[in-house]
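All chains should be built: construct the whole structure from the sequences, respecting the hints.
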Amino acid sequence: MKYQYYRENKSHSDSLFPFNIYMCSIPYDFSEVPLHWHNEMEIIYVKKGKGTVSLDFESRYVEAGDIIIALPGQVHGIFRLEGFSMEYENIIFSVDMLLSKVADSVSEEFFAPLFSGKLQFDHVITSDDYCYSDFARCLDRADAIRIPPFPKGYKLALKGCLFDFMYAIAGIAEDKEADKESKNLDRIKDVIKYTEKNYAQPISIEEISGICGFSPSHFMKFFKNIMGCSFVDYLNEYRLSMASRMLVSSEDTVLSVAADCGYYNLSYFNRLFKRKYNVTPSEFRKRRSKQ
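This note's numbering runs 2 ahead of the 1-based position in the sequence shown.
Heads up, some of the hints might be wrong.
Straight-line distance between alpha carbons at most 25 Å, and here's what the computed DSS-like set of lysine-lysine pairs gives [stated by the list, open to error]:
1. 195 with 223
2. 49 with 157
3. 199 with 226
DEER-style ranges, computed between Cβ atoms [to be verified]:
4. 155 with 25: 45 to 55 Å
5. 268 with 111: 27 to 37 Å
6. 203 with 228: 20 to 30 Å
What the hints contain is simulated information worked out from the structure, not anything from laboratory work. Every value quoted in this text rests on a predicted model; they were computed, and no experiment measured them. Even glycine gets a Cβ: it sits at the ideal position worked out from N, Cα and C.
Quick look at the structure:
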C-alpha cells in the first residue's frame, strides 16, 4: 500500500470552501516536513517552542509567535531544531477563493504581481516587526471564528480575515524585478515534485537530469549548488522522512515500509535509517508509540 503524507495532498475542506486550519507538532506528529510546494497558500503560525523553516532554500530560525507565509508555488519545509519541539498552526487555502471571476483592479494591482514574484516582502513575521499585530490579529480572529459551534455566516468572516491578511501583506510588500534565478528555481521545483510522486520507485541520475534538460554531470553540479547536497543524498533524506511517518502512522512491517519508500534491501534501509535517526526503524516505532 502506498501512502500519501505530503502536505500538498491534504484535503482542504470541501471544494466550495478550500480552507483548513489544523495543529501540528514536531517531532511528535512527525520528525520534519520535507521541502515541497503546492498550489495553495500556506500560513504557519508558531504557537510553542522553536524550530526552523526553509523558504526557497533559505533556512530561517522561528519561535513561538512567529508567522511564516508560503505563497503558492514557493518551496518550503519545516524542520526540528535540535533539543526543541515546536507546535504550530497550519492555515492552508486556495487563493482562488479570493479572486474575482472577472478582471478587476485588485487582481491586477495586487494578486497578479504578488503571485508572480514582482511584489516581495519578508515571509517571516516576528513580534519585533512593526506590522506584527496586523498579521496576528487576522489569524487570532480566524481561530476564534473556528471554535464550534460555528457562528452563522462564519465563512464570510473567515474570508474577511484572509482579505485583511492580504491587506497586511500589501502594506509591507515592495515592487521588485523577479529574481534572476527564477528559472533555476522552477527547475528545482520540477525535480522536487517528480521526487514526491516517484520516490517509491528507482530514480536514476539520467532520469532526473532529463527533467531539467541537463546532462547528468551538469545536473549533479546544478543541484548541489542550489540545494547544498547531492541529489542522491536528497532522495535518501526524503525517503527516510516518509518512512518515519509511515512507521508511526501504520502497522505495516518494516520490510513493507522500506519497499514503499523505494528500499528493496532491508539491511541497507536499516543502516541509512539508523544513521539519520540514531535508532533502528523498529526502535523508532516503539519510542513514538509511547509518546
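Going through the hints against the structure:
1. 195 with 223: holds (19 Å)
2. 49 with 157: holds (24 Å)
3. 199 with 226: holds (21 Å)
4. 155 with 25: 45 to 55 Å: violated (25 Å)
5. 268 with 111: 27 to 37 Å: violated (57 Å)
6. 203 with 228: 20 to 30 Å: Since residue 203 and residue 228 have Cβ atoms about 24 Å apart, the given range 20 to 30 Å holds.
Going through the hint list in order, the structure does not satisfy hints 4 and 5.
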